[in-house]
Amino acid sequence: MTTSGASAATPAPGWHHRHLIDLDVVTWPEIELIMQTTAQMKGILARPIRKVPALNGRRVTTLFYEASTRTRVSFETAARNLSADVVSISTATSSVTKGESLVDTVRTLEALGAEILIMRHGVSGAPYLAAEVFGGHVLNGGDGWHAHPTQALLDLFTMREHVPGGDLHGRKVVIVGDILHSRVARSNIWSLTAAGADLWLCGPATLLRGFDRWAAQWSGGAVPGHGRFNVTSDINAALKDADVVMGLRIQRERMQGGLLPSLREYAARFQLNAERVSLAKPEAIVMHPGPMNEGVEIAPDIATSGRAVILDQVSNGVAVRMALLYLLAGSHDDAHTTEPGR
Amino acid sequence: MTTSGASAATPAPGWHHRHLIDLDVVTWPEIELIMQTTAQMKGILARPIRKVPALNGRRVTTLFYEASTRTRVSFETAARNLSADVVSISTATSSVTKGESLVDTVRTLEALGAEILIMRHGVSGAPYLAAEVFGGHVLNGGDGWHAHPTQALLDLFTMREHVPGGDLHGRKVVIVGDILHSRVARSNIWSLTAAGADLWLCGPATLLRGFDRWAAQWSGGAVPGHGRFNVTSDINAALKDADVVMGLRIQRERMQGGLLPSLREYAARFQLNAERVSLAKPEAIVMHPGPMNEGVEIAPDIATSGRAVILDQVSNGVAVRMALLYLLAGSHDDAHTTEPGR
Amino acid sequence: MTTSGASAATPAPGWHHRHLIDLDVVTWPEIELIMQTTAQMKGILARPIRKVPALNGRRVTTLFYEASTRTRVSFETAARNLSADVVSISTATSSVTKGESLVDTVRTLEALGAEILIMRHGVSGAPYLAAEVFGGHVLNGGDGWHAHPTQALLDLFTMREHVPGGDLHGRKVVIVGDILHSRVARSNIWSLTAAGADLWLCGPATLLRGFDRWAAQWSGGAVPGHGRFNVTSDINAALKDADVVMGLRIQRERMQGGLLPSLREYAARFQLNAERVSLAKPEAIVMHPGPMNEGVEIAPDIATSGRAVILDQVSNGVAVRMALLYLLAGSHDDAHTTEPGR
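Chains as they are written, first to last, in my numbering: chain A, 1 to 342; chain B, 343 to 684; chain C, 685 to 1026.
This is chain A alone, in the form it adopts within the complex (with noise of 0.2 Å):
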């Protein structure tokens, strides 16, 4: 990518997705081309005036049903430094309060000039319904317990960063947390596998269900690209000669539905603290998707050791999502007739 004369009418080569919704059906060279595209995006962040035109005149929309600081600003912020124009919408000021269908709001907000959709939502598998019916580009910024690829992809991104020779083959990679009530986990799954990482998922047996018997499928190598994966509930066997520890956020909600007796008993079983952080190799990183309930699954000190690179996250996740947006941007419109709703 030459920036100065990208034009995003020109498709990006190699990238044919209208919308990324999630990685299941992203290709591990298609993969590569957005750590690529990241990696200039970077270069271009590093620079004194972070702005570029690449997407000069573009409508990015953002539509959150959810509330979250960091994904919102950091989409826009993404936007902005490509030179998009960035309409926000989030529920709380939005008259889709009124009872209006996601159909119609996203059908109207294409009427209104957007281009490129970024929706949060709490519903799985809304961003499907939402492409089925808007003309231009859905990128999911998290949808309900299914999908958020862009954690996932600057998850990896941060990864190749600090795991030495930028090569995930092999490298012990286990989050920690409520796997089954996050898309987090459900996204790094696909990435992680394709980067051949030796993936593990560890929580609490409630907060696991479901997953062993995914991880018993992908065991027979059913998926073509993607390899096996982990699931335990114990945190020693986890952690031990792990190259990344990613801890995921505790919902308080979880009590409630019976899934967890207390916080402070996850965090006496499985918080990430100095101790079991230390069973993972001297080298090892520590990762959290953010914002952290510090004490509960990760411990304060843990959080801001100089093993954290929480907030190299944060940063390459403007990267990845100027990356996408750029490659979305570009991307040809007839994809849309291979891959119908998605």
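Don't read these hints as lab results, they were simulated from the structure.
Check before you lean on any hint, since a few could be wrong.
[As the list claims (entries may be wrong)] With beta-carbon atoms standing in for the labels, derived distance ranges: (1) C:Pro984 <-> B:Gly399: 31 to 41 Å; (2) C:Ala730 <-> B:Gln598: 46 to 56 Å; (3) B:Met597 <-> C:Ser962: 50 to 60 Å; (4) B:Trp370 <-> A:Pro53: 39 to 49 Å; (5) B:Glu474 <-> C:Ser962: 27 to 37 Å; (6) C:Ser962 <-> B:Gln598: 48 to 58 Å; (7) C:Val807 <-> B:Gln598: 39 to 49 Å.
Glycine is no exception: its CB is placed at the ideal position from the N, C-alpha and C atoms.
Chain A is fixed; fit chains B and C onto it per the hints.
Frame of chain A, contents of chains B and C only:
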């Protein structure tokens, strides 16, 4: 208008209003000027980069006391398309909740630099109060039951696009729904009677109160430049041979006031469904200001049928608002002396 | 400052602060520099296009934990006038409601690209905590009862515009109202005593607690560069021959704490009305930081009289904030080493 050389300081020929609060004081030649300017703005929206510098550096503030995604985004997109700087204020995030008076708020916004104030307010007439104390231009984005002039103008533009010959003279236009509480209906009465349309207002008798007297008054030719209109609860008579059918949103709150027995009964008697719409001319169009309650005032198959021009209304709304911002910004400030408080 | 050639990278001569949290550490020559820079910014605001490229590409984030239309819009307008990119975060639409700590939020915003952080927080001292962990510049937009330095600076600028000769030395300035809970009063004490004004703080004894001891301490010349000030509940003595009369907002919440018997009694004893204000000099000006409770702390006819410069305060607020953003953005980053946590 030559957009490249357009200067906001040059008054548009034929436009003499400092504010636009309702269409009652706008003459037919002025409406024609708005229509022509809107057509030029549509030309800008068809370009790859939909931005012109007409209002470069001008300060537009949206002040919304009622939530409305589509109207707010439409105005803000229109302002940004003209390169204006936009400040967006909605009551949810505003200190107007501290009990500050509207007059204080408007004076403060002017002192902060606002030149064009776009406001939506739940109280009919509130924009007149704002216009009395604001040194710039007030553009009404909807006030109580009173007026929604930009909606009526985008309705008119959309009708003219679809009615053969683009002339509404003698064309039968039917508005069906909660006429009583509708600022859309009220503003449309002014523009459509000025256009010479054969206007029919239709709904349950409880939601038409006062309009028959209004219609009777105008039948005598009481208002220069405006023709008569019809009021009826007979949906079949209203729809018979219609050229344009417009549904209005039914608010659930109306039932609590005893004005509607139930949404189901309303739908049974007045819903725009395939059977009823077949009474209209074969080429008749179906309109709705949105957001729709599909299954209440309009059947889903009608809302998405080939007759429906509902998304055209949304797109045209951006162009009409660009036109109005352009005309207002270029209007003589001394016009104020001839229209105090308006 | 020559705005055309102004570069944010060049430190402003005479300005050495990385953050601006309160005026207690700002010297009189530095205040004079702010005043001069503000005058230049007012010149920019008088132009047809009120925009200069001084902060082009710089990232300004507003983080408001308390709602305030006028302050937020004032800061954002100031930043945009200098061509900065503005990200706006308010608690109502932010995930800070998820219980994320202020430190995490500030670190995250920096990782997202924020260079200047403008924050308002309900807890006194919160900006010091932010400044400890933020790598850029913190500008206090009001914290608890502690400080509101930009308000005090715009007050000072407005007074100097209206006081003959522009010098406050020996001029009698009276602040009337709820001194105890006022960050405006506290910040004004620093700037007005530095300016050599004859400062009087006046209100019910319950709303002056602690200030008499503060005043007594300073009477001995305890703080270099700052003169004495007076504290009284005698409104007539306070207003007698005043050059400047400033009313403060009375919060209804104060009555619940038992500090005020009723708004009516406050108004009877302390309201700035025509009779009381006539005790001041004939050319005295009336000020108020807004939003006003007309009929409580100030009579409506006084608020809109020719003496009132309340809207001048609002306009000057934009210029003062432009000046501060300009000075902060150009300040040496290594100033941090001499002012840890400030």
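Hint check:
no., hint, result
1, C:Pro984 <-> B:Gly399: 31 to 41 Å, "35 Å, holds"
2, C:Ala730 <-> B:Gln598: 46 to 56 Å, "53 Å, holds"
3, B:Met597 <-> C:Ser962: 50 to 60 Å, "57 Å, holds"
4, B:Trp370 <-> A:Pro53: 39 to 49 Å, "44 Å, holds"
5, B:Glu474 <-> C:Ser962: 27 to 37 Å, "29 Å, holds"
6, C:Ser962 <-> B:Gln598: 48 to 58 Å, "53 Å, holds"
7, C:Val807 <-> B:Gln598: 39 to 49 Å, "42 Å, holds"
Every hint from the earlier list agrees with this structure, and none is contradicted.
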